[in-house]
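Visitor: Quick note: the sequence shown uses the numbering used here, first residue 1, plus one each step.
Because the hints were derived from the structure by calculation, they are not lab data.
By construction, the Cβ of each residue, glycine as well, lies at the ideal position given by its N, Cα and C atoms.
A portion of the hints provided could be inaccurate.
Lysine-lysine pairs mimicking BS3-like chemistry, simulated, CA-CA at most 30 Å apart [as the list claims (entries may be wrong)]:
1) K266 x K292
2) K52 x K66
3) K234 x K292
Have a look at the derived ranges for each label pair, beta carbon to beta carbon [claimed, not checked]:
4) T303 x A219: 42 to 52 Å
5) T110 x E237: 21 to 31 Å
6) D349 x A202: 20 to 30 Å
7) Q417 x S171: 37 to 47 Å
8) G404 x M209: 39 to 49 Å
9) L262 x R356: 14 to 24 Å
10) L262 x T334: 27 to 37 Å
11) S203 x D392: 21 to 31 Å
12) S203 x A37: 20 to 30 Å
13) S203 x A255: 16 to 26 Å
14) E290 x S128: 40 to 50 Å
15) S388 x T303: 51 to 61 Å
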Amino acid sequence: MANSEGAKLWGGRFVGAIDPIMEKFNASIDYDKRMWAADIQGSQAYVKTLEKAGLVTAPEMVQILKGLDQVRSLSCELIGEAGGKLHTGRSRNDQVATDMRIWLRSGVDTLTGHLVQLVRTMVERAASEIDVLFPGYTHMQRAQPIRWSHWILSHAVALRRDAERLDEIKSRVNVLPLGSGAIAGNPFKIDREFLCRELQFASISLNSMDATSDRDFVAEFLFWCSLCLTHLSKVAEDLIIYSSKEFGFVILSDAYSTGSSLMPQKKNPDSLELIRSKAGRVFGRVRICEDKEAMFDSFDTMTAVLQVATGVISTLQINEANMRAALSPDMLATDLAYYLVRKKMPFRDAHSASGRVVHLAETKGVAVNELSLEELKTVSSLFESDVSQVWDYTHSVEQYQATGGTACDSVLHQVQQLREWMERRQSV
């Protein structure tokens, strides 16, 4: 039922009641109620500044604070006449902006914790399974041998950037708008420095009009959600493929899988499929209209996704035998070109020569490593008996010693860098 106009702070300007359908259409209480704790926190800080400014008496301040502590709800009937003074100089504009920033600041901390835990899970898994080799893919085609750990860390590094972006967003969220009024500011000598300390904000908004109209901090958060979920959807997509019978590289835990109502043999990667699909949900929220609804929904989505992703990564099993069996000699064609480069052949020529070797093997219906030395020499006289080293997968991955590569030492360096990054975060 619509409230009477007299019950509204702005009701004195209007005659008659608002249309009930308009009341429902305009209402945001279903979303705003999630910020109740932030609103109480802001109100308790604000009444203290009113007392400092001489706009409420000390007993009235105590009465309001006691009422807010007791019921955690702003109600003049329960607090008494003093409650009517709490809104002095305060607008819905700066009040709601403050509530949103307090709420989102806490939400960012929650998401950061989940995100860092996911990165930690990935890093420790990479460290423990560093000797596992499997095919790296481009365009869904086998490309080059890599370490399983290298694949895991490729996603951990992306998620580290997401955590750093979230830190930057928090720095812009953590700016106090309270004390800005509607647009012109506050005329009652409100101590905004006190409010800033009381509510634990890092800084105070510079311009009252910007402070009450700004929602770019929400837009940044929504974009962050979409980008982080893009990274997580990549993880999910790969693992969905790797868990299929056609690949058989990983086995998802039953805790993160579902079955079929008809086909008893099925084990569906629903957890990963939902992570992938949630990206689209969050993309659709990247807008400023209905900002609180988008902010809450995206936060809920990210909270669930990050926890499920951590569970999936921590519990999945790998099938090392299937991973090793999927490695094939044709994936070493680049290594064959590198072999010729080390024999002083220009890379463009070496690339062409390696391609001709692949074509020769396909023509003969054999694997490239089954070609004889004599057959290889028909392509280039630089081939010698030491070419046999090229067909060793461990030798292949170990040549990528440069920082960021898939060689063992390089991957261990990545692990160490990520561990140090997490330690630095804990010490702050």
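Visitor: For a quick check of understanding: which of the numbered hints are violated here, in increasing order?
Guide: 1, 4, 6, 7, 9, 10, 11, 13
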